[in-house]
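In order, the protein sequence lines correspond to chains A and B. The first sequence begins at 1 in the UniProt record's numbering and counts up by one. The second sequence begins at 1 in the UniProt record's numbering and counts up by one.
It should be emphasised that the hints constitute simulated quantities derived from the structure, not laboratory data. Heads up, some of the hints might be wrong.
To be verified - Once the Cα atoms are required to be at most 30 angstroms apart in a straight line, the calculated DSSO-like pairs of lysine-lysine come out as: (1) K62(A) to K22(A); (2) K81(A) to K298(B); (3) K453(B) to K62(B); (4) K62(A) to K383(B); (5) K28(A) to K44(A); (6) K90(B) to K449(B); (7) K44(A) to K418(B); (8) K90(B) to K453(B); (9) K156(B) to K104(B); (10) K449(B) to K418(B); (11) K62(B) to K104(B); (12) K375(B) to K81(A).
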Amino acid sequence: MHQMIHPLTRATYDAETDEIVKVTRDGKSGLYTRNGEYISGELKQSVDPEMCRWVASYVEHKNAGVGASARDRAGAFVAMKEEK
Amino acid sequence: MGKNIKNRQDRSPGLSYAEILDTDTHHVSEIWRTESPADFGTADQPSDVYTSRHFHDLEMEKIWLKVWQFACREEHIPEIGDTEVYDIGKFSVLIVRTGVDEIKAYPNACLHRGRLLRDCAGHATELRCPYHGYTWSLGGELKVVPSEWDFPQVNKDEYALTELPVGRWGGFIFISLDLDVEPFEEFLGTLSLHFENYRMDERFVEAHVAKVMRCNWKTAQEAFMEAFHLATTHPSIITGTGDCNSRYDVFGNFARAVTPTGTPSPHLTWDPSEQEMLDAMLDRGQDEERLGVVPEGKTAREMAAMASRMRVAQVADPEWVESLSDAEMIDSIYYTLFPNFHPWGGFNRIVYRFRPFGDEHEMSIFETLYLSPFKGDRPPPAKVHWIGADESILEAHELGFLARVFDQDTFNMPQVQKGMHTLQLVKPGITLSRYQETKLRHFFDIYNKYMSK
Ligand code: FES
Ligand SMILES: [Fe+2]
Numbered sequence: 001m002h003q004m005i006h007p008l009t010r011a012t013y014d015a016e017t018d019e020i021v022k023v024t025r026d027g028k029s030g031l032y033t034r035n036g037e038y039i040s041g042e043l044k045q046s047v048d049p050e051m052c053r054w055v056a057s058y059v060e061h062k063n064a065g066v067g068a069s070a071r072d073r074a075g076a077f078v079a080m081k082e083e084k
Numbered sequence: 001m002g003k004n005i006k007n008r009q010d011r012s013p014g015l016s017y018a019e020i021l022d023t024d025t026h027h028v029s030e031i032w033r034t035e036s037p038a039d040f041g042t043a044d045q046p047s048d049v050y051t052s053r054h055f056h057d058l059e060m061e062k063i064w065l066k067v068w069q070f071a072c073r074e075e076h077i078p079e080i081g082d083t084e085v086y087d088i089g090k091f092s093v094l095i096v097r098t099g100v101d102e103i104k105a106y107p108n109a110c111l112h113r114g115r116l117l118r119d120c121a122g123h124a125t126e127l128r129c130p131y132h133g134y135t136w137s138l139g140g141e142l143k144v145v146p147s148e149w150d151f152p153q154v155n156k157d158e159y160a161l162t163e164l165p166v167g168r169w170g171g172f173i174f175i176s177l178d179l180d181v182e183p184f185e186e187f188l189g190t191l192s193l194h195f196e197n198y199r200m201d202e203r204f205v206e207a208h209v210a211k212v213m214r215c216n217w218k219t220a221q222e223a224f225m226e227a228f229h230l231a232t233t234h235p236s237i238i239t240g241t242g243d244c245n246s247r248y249d250v251f252g253n254f255a256r257a258v259t260p261t262g263t264p265s266p267h268l269t270w271d272p273s274e275q276e277m278l279d280a281m282l283d284r285g286q287d288e289e290r291l292g293v294v295p296e297g298k299t300a301r302e303m304a305a306m307a308s309r310m311r312v313a314q315v316a317d318p319e320w321v322e323s324l325s326d327a328e329m330i331d332s333i334y335y336t337l338f339p340n341f342h343p344w345g346g347f348n349r350i351v352y353r354f355r356p357f358g359d360e361h362e363m364s365i366f367e368t369l370y371l372s373p374f375k376g377d378r379p380p381p382a383k384v385h386w387i388g389a390d391e392s393i394l395e396a397h398e399l400g401f402l403a404r405v406f407d408q409d410t411f412n413m414p415q416v417q418k419g420m421h422t423l424q425l426v427k428p429g430i431t432l433s434r435y436q437e438t439k440l441r442h443f444f445d446i447y448n449k450y451m452s453k
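With the rest of the complex left out, here is chain A (with noise of 0.2 angstroms):
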């Protein structure tokens, strides 16, 4: 839903819902809660919390229909983008 690379420890987090994140690291997974709680899967170690809150917000704003504004960064380049 929304992966992204940790850029200093380079695990990846992926947003399966807006409240359950997927954190691999090593060929290893685990399913942690929006505030990096461990719940279940191989990989088991501390996660960034504030990680995961990124991703999985990213899924509350989506779900919530909350796109980028004409006048966020993103949206500046989705109006360039649309331009062409």
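Keeping the supplied structure of chain A fixed, place chain B with the ligands upon it in accordance with the hints.
For chain B with the ligands alone, kept in the frame of chain A given last:
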């Protein structure tokens, strides 16, 4: 030209902000080049100012009853007779447009038995107390004393509403509860020069969100006064954000932080490409289509600045947009005017204000206003969207992407407040960095002066 900070032990590795400005595709104004660092030393900041009732009461008396503070925007009271209510702690101020170009502010209390004269903003032709009907003109003269025969002691001249000092700048209305406050222009210092090119008065309040927080107002605002927290609180953006290459400057009662984007964080242990930096700036996921492409020979900064200029030119004078540098188009430029007013510079639309929630010392109101340029008729200002202490800031859909950033910030703010009580069992102060937390140290430098007066 700012001096190069390369090889300085007390600055982060990586490009200095002055070097980043040298790559700008547009004219960079002197105010941008000017560096004004301050060294407030390395002493700990006692933490009881955040947690104790005593300090809250003292702040009420020594700061909030004294200082100039942002009350509302001119556009909130465009017509003669429009009123606004600004509450600070246990006090309330009534702001009234009394003439096309005249604004008055009064203590919001009836001189009979003290009821608030008005509970909220709105249009009025007179200021009539809802309790027994004492009535003043918009200009503050006592007009009606019900059962006047029963108040032989009430002399209408002496019962005029007290006019509080009002300061106006850039569409912002400031008030002070101190009749002897220093002149507003003196208090502002050179702030208006810094914002000269940003046309703050030609903006409208496009969004206005007020989030109740379970933390002291200073705890709340300090989450927005440095870039030191970015790598930990907002890790996803640091691929394209020079967090510790930020510059911090101090000018009298205000301070400025500038955090460059389109440049990698010195925390990274790998070298992102220009494309990877732009993807990070646009929050692109691995599984998503690219929004913007950086052509060969171009930089993420140039591309982001170009897109930003195009977007702003749609709602603002294109000549004005061309007069702004890349830095002003895309960097995070966040000012703080003591004690609680945080307008962003450049073309960033953000203004923050933080204050105690009522008379609570461990609760606060964290407000975000988007001040946007407009074409044609001035759109009406957005109504305040209140979000409760236990509700999520993600509800603030009107803030778009920024609500998600705040979701990360608000994850920490109440926990800082809670943690400080426990910290006090171990040490009496919080430890601040010397440079990156300059704005916090600058705040306390002024704070201590007010508190010891
Ligand atoms: S309290 Fe205002 S008229 Fe009585
Ligand atoms: Fe933040």
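Each hint tested on the structure:
no., hint, result
1, K62(A) to K22(A), "18 angstroms, holds"
2, K81(A) to K298(B), "18 angstroms, holds"
3, K453(B) to K62(B), "7 angstroms, holds"
4, K62(A) to K383(B), "24 angstroms, holds"
5, K28(A) to K44(A), "9 angstroms, holds"
6, K90(B) to K449(B), "23 angstroms, holds"
7, K44(A) to K418(B), "28 angstroms, holds"
8, K90(B) to K453(B), "21 angstroms, holds"
9, K156(B) to K104(B), "19 angstroms, holds"
10, K449(B) to K418(B), "27 angstroms, holds"
11, K62(B) to K104(B), "23 angstroms, holds"
12, K375(B) to K81(A), "23 angstroms, holds"
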